[in-house]
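Read off the chains here:
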Amino acid sequence: MRSYVVRRVLQVIPVTFGVTLLVFAMMLLIPGDPARAILGSYATPENVATLERQLALDRPPHIQYVTWLGNVVTGDFGRSYSLNRPVLDEILERFSATLLLAGTALLITVLLGLIAGIVAAVKQHRWQDRAFTVGALVGLSIPSFWLAMIFIVVFALGLGWFPTSGMRPAFGPSGPLTVLHHLVLPATALALVAAGVIARLTRSSMLEVLRQDYVRTATAKGITRRSVIMRHAFRNAVVNVVPVIGVQVGFLLGGAVYVETVFGWPGIGRMLVTAIGTRDILLVQGGVLLVAVTYVLINLAADLVQAALDPRIRLG
Amino acid sequence: MSDVRIEPPDTTSLLEVRGLRTEFVVEDEVYRAVDGVDLTIGPGESVGLVGESGSGKTVTAMSILQLIPDPPGRIVGGSIEIDGVDLVRAPERVLRQVRGGRIACVFQDPLTSLNPVLPVGDQLTEMMRAHQDLDRRAARRRARELLDAVHIPHAERRLEEYPHELSGGMRQRVMIAMALANDPELLIADEPTTALDVTVQAEILDLLRELRERTGMSLLFITHDFGVVAELCDRVVVMYAGRVVEQAPVDKVFADAAHPYTRRLVDCMPRLGEGRRDLEVIPGLPPALNRLPDGCAFAERCDVVEEACRRGTIALEGYGEDRMVRCIRPGARP
Ligand SMILES: Nc1ncnc2c1ncn2[C@@H]1O[C@H](COP(=O)(O)OP(=O)(O)OP(=O)(O)O)[C@@H](O)[C@H]1O
Ligand SMILES: [Mg+2]
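Residue numbers (my numbering), protein chains in the order written: chain A, 1 to 316; chain B, 1 to 334.
It should be emphasised that the hints constitute simulated quantities derived from the structure, not laboratory data.
Estimated spans, in silico, between C-beta atoms of each pair:
no.: 1; chain 1: A; residue 1: Thr-133; chain 2: B; residue 2: Arg-74; range: 22 to 28 Å
no.: 2; chain 1: B; residue 1: Val-85; chain 2: A; residue 2: Pro-176; range: 51 to 57 Å
no.: 3; chain 1: A; residue 1: Thr-133; chain 2: B; residue 2: Pro-293; range: 38 to 44 Å
Just so it is clear, CB atoms sit at the ideal spot from N, CA and C, and this is done for glycine as well.
All chains, full assembly: derive it from the sequences and hints.
Written as structure tokens, this is what we have:
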């Protein structure tokens with residue numbers, strides 16, 4: 001296991017390096033004078049000159065990159081001109097809101113996806129499987145922002161069960177029920193498509209595994225059907241599902257942009273949309289970098305979980 | 001030949017299969033994989049089930065423990081009785097007690113038959129704890145004893161290992177240890193050596209013989225290989241196209257086979273260690289199981305066939321004092 005972990009963790013280095021290069025390159029792509037763009041149109045010439053020196057904008061690009069990376073690594077993402085506050089403070093605050101949303105959506109995705117997939121596979125050819133196939137088809141063909149709007153129209157405006165928008169911080173003054181109340185609609189809207197993907201994959205891996213000889217061996221041992229399905233079949237099927245859950249986290253983070261906008265959720269997705277609108281370069285850079293690194297780390301975690309579940313990967 | 005006494009089938013049988021019919025439905029075609037099989041196994045008896053590929057040996061064995069995947073398969077007739085309990089109609093709860101308890105299985109390919117993501121120790125203890133009231137430590141101790149019993153060295157360490165870390169022969173020993181965990185009355189071994197190297201095959205056969213002598217359990221041994229039957233079994237049941245065509249004490253089958261098919265099988269019997277110079281030496285192919293002909297299914301390939309062989313239904317009938325044959329010209333020679 002240790003050598004696998006070391007190898008897999010080392011792989012993160014080049015990926016992260018690539019991510020920082022791309023994020024840094026955003027700055028080079030700005031037409032005109034980057035320092036002026038960063039500081040906004042009311043910047044004084046002195047401010048522009050100072051910033052140019054800080055960011056080494058008068059030096060060649062690779063020096064600029066190293067300078068920028070040095071700042072980022074020490075937590076200095078610069079200052080957002082439009083909000084007039086450090087970028088780091090803003091993105092961390094917004095990111096915690098997104099984590100609450102995407103994390104809840106991930107929980108729904110995993111629970112719903114795995115359970116639906118298992119049930120559909122075990123009840124193949126029965127009504128549960130047919131219902132599942134139709135449901136998954138519909139679920140997968142609906143974009144999450146549209147689902148978000150339908151949810152608002154039906155459950156918030158129509159039935160009045162949930163608020164139309166807004167968010168309560170997880171550890172804020174409002175109780176967990178209020179937090180949950182605001183979470184249900186956006187998290188579900190965000191989760192359904194990913195849940196459909198996971199459910200379909202779980203179903204097909206389960207069907208594959210249920211045909212295997214070792215499932216027959218398990219049945220021949222005289223253990224309960226439930227143990228055969230969970231301990232033997234699912235335990236093998238989930239090995240293939242875990243990495244895809246990691247990939248789905250990317251879709252959840254990406255989908256959060258729309259869902260946050262529709263539900264007025266103060267997350268990093270909505271922040272990015274606004275920051276791009278106001279051309280707040282440093283805010284965009286910081287936000288994109290944080291999201292990208294999160295994605296890389298989550299996929300690392302998914303692969304490590306997979307290795308922990310499958311001895312052939314970790315020992316092989 | 002083993003030294004276990006042959007019990008007359010009817011008086012004290014452990015397992016009685018009567019008229020078993022198992023079908024598979026694939027794309028609206030019905031395949032009669034097992035078409036009216038009768039099979040009796042006495043306590044302590046060792047029965048060899050022989051036949052070409054596709055003759056329904058595995059389906060027969062899997063039907064006994066109700067392990068036929070449904071769909072596409074289904075038992076459509078017959079009964080399988082152990083102590084008067086019909087397994088075909090038994091509730092799940094009863095089946096669970098029999099599976100792994102009174103009847104245990106060893107399959108052909110030990111690599112695919114063991115769960116790849118669980119340590120072998122866990123797979124062994126699971127088998128015991130499904131049938132016996134053992135705590136973790138007691139089950140663990142017993143698992144180690146079982147690995148010792150099947151001659152796996154360093155048992156303690158092996159318990160922690162995963163199937164892919166063991167050799168093929170070692171894996172099959174684990175499967176056998178697992179099958180023995182609850183002292184079954186009957187062990188069903190479905191070509192347990194086919195997937196193994198030749199030298200390892202002999203070791204596994206020796207192990208099975210040794211264990212059977214020690215425990216006195218019955219054995220249903222499925223194989224292509226008449227040579228192995230001669231070494232390991234008291235009685236042989238020959239299947240062709242889903243039906244039993246002959247059953248007889250092993251020595252009689254070798255001395256003079258009653259059914260032409262059996263005779264041909266014995267004639268091209270491979271010796272152990274000579275590789276798989278297989279049963280394909282009989283020219284022709286068995287009939288398609290979805291289009292079984294009238295009369296004898298072997299007629300097309302038979303060297304003593306006559307007109308009457310292709311008509312009606314030919315029954316499995318007594319031949320001599322302790323044999324059964326499904327042939328209208330038993331013992332005929334070309
Ligand atoms: N899962 C299945 N689906 C469809 N048909 C099946 C299935 N399993 C078995 N059969 C049918 O049953 C027939 C008999 O198969 P079986 O496995 O019992 O043969 P066998 O005598 O064990 O052969 P072998 O020596 O190759 O193991 C096959 O030819 C096939 O037509
Ligand atoms: Mg077989």
